[in-house]
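Peer 1: Here is how the chains run, residue by residue.
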Amino acid sequence: MASEYTTTEYIKHHLTNASMCNTDSGIAFNKACADAGFWTWHVDTLAWSIGLGILFLWYFRSVAKKATTGVPTKTQAFVELVVGFVNDNVVSTFHGRSSLIAPLALTIFVWVLLMNLMDLVPVDVIPTIAGLIGQHGFGMDPHDVYVKAVPTTDLNLTFALAIGVFFLILFYSIKMKGISGFMKELTMQPFGHWAFIPVNFILETVTLLARPLSLALRLFGNLYASELIFILIATLGLWQLPLHFPWAVFHILVLPLQAFIFMMLTIVYLSLACEDH
Amino acid sequence: MNINATLIGQLVAFAVFVWFCMKFVWPPLMQAIEQRQKEIADGLAKSERGQKDLELAQERATEQLKEAKTQAADIIEQAKKRGSQIVDEETQKGHAEREKIIAQGYSEVEAERNRAKEELRQQVSALAVAGAEKILAREIDAAAQSDIVEKLVAEL
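Chains as they are written, first to last, in my numbering: chain A, 1 to 277; chain B, 1001 to 1156.
For the record, the hints were derived by calculation from the structure and aren't laboratory data. Among the hints, erroneous ones may be present.
Think about it this way: if two alpha-carbon atoms lie no more than 35 Å apart in a straight line, the pair counts; the simulated DSBU-like pairs of lysine-lysine are [as the list claims (entries may be wrong)]:
hint, chain 1, residue 1, chain 2, residue 2
1, B, K1081, A, K175
2, A, K65, B, K1080
3, B, K1069, B, K1081
4, B, K1069, B, K1080
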């Protein structure tokens, strides 16, 4: 708890990523990286997200390797439930044929869900453990050890997902309609007259760019806000006990919902990209 | 919280994860699910067919049972008829036999009586002759009186 912090410091500490950068004097961490600009790496975001991604893939892969067509084990039944759920959504929304969309949707859903679920770990647990390790293992001041365990509260991650989806939107648009068709879609809608081409282009570009932007900001905003409120609740002393519980229960709904929305919108955007207007 | 190189790292990670999922996770799972769906559908179809077969077989069995019952009834009916026929025949035969035996007995008795009568008659005629001979002594010529004796005998 925040015994030796002021509340502001406590909140700030919990909302700061562990960063790593390359300076003139070698690899530097955290505060030393304040001036490093773009070439800073959020090692906690990277480690947690990649770790969770590998956990997801390892778990599903291990089930997939042993998958039987007969009576499934309980683990297999669970995995098939998730896969079937995603597949149903893909089939009902995406009418083209693609071997990429469904695995993409599965990866997004499960990966984002796992990262979101880190939000339910009490906010002090991981920073405290990391602080102890930093203090006793590396002789650091625990105040200088930063860990933000929920990768989806990092804009870099949500934007990386959204940009990946955006590239796929562009790829499918061009693949399905050709460059000229895609261009036509950007310039001849919604007003089908040559005089409106600049207006159309502005409107359609905004529409196009709004998709990844909204994807990234929605996930980030929701998770950042809920994490912030978890931290605020944690500063309340004893009162956090009755408050933390309903907020956590509420997030049993919110966290999967955000993962589902991200997956669903990805499918919808890609299905729009594949359709001729 | 600002945008930095982490974005690139995450983008790469995302791409690798999606690729891995597409190559090694999705196809085997989907294949297993679809295969099982097919097996279940086949199984259901088979069970339906089996059900139909069973119904058919039951129908046939009932039919055969009914047929067998009627046949059995027929056979019993015939057997009964035949039985009573045999009894009738035997009774008739018995009757005839009895009649025959009785008739034979009568005729035997008749023959015996006739023979006895004949014998008796002869003896009586002999006795009468002997008696008459004794009574009339020598006067009576046996030959001359024989017609009287014979008349006597015939009256017996």
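Peer 1: Are the hints correct? Go through all of them and say.
Peer 2: Checked hints:
With a C-alpha separation of about 95 Å, the suggested pair K1081(B) and K175(A) falls outside the 35 Å cut-off, and the hint is violated. Only pairs whose Cα atoms come within 35 Å are accepted, and K65(A) paired with K1080(B) is rejected, the gap being roughly 77 Å. The suggested pairing of K1069(B) with K1081(B) holds, with an alpha-carbon distance near 18 Å, which does not exceed 35 Å. Simply put, K1069(B) and K1080(B) have alpha-carbon atoms about 16 Å apart, close enough for the 35 Å limit, and the pair holds.
Going down the numbered hints, you'll see the structure goes against 1, 2, while the others check out.
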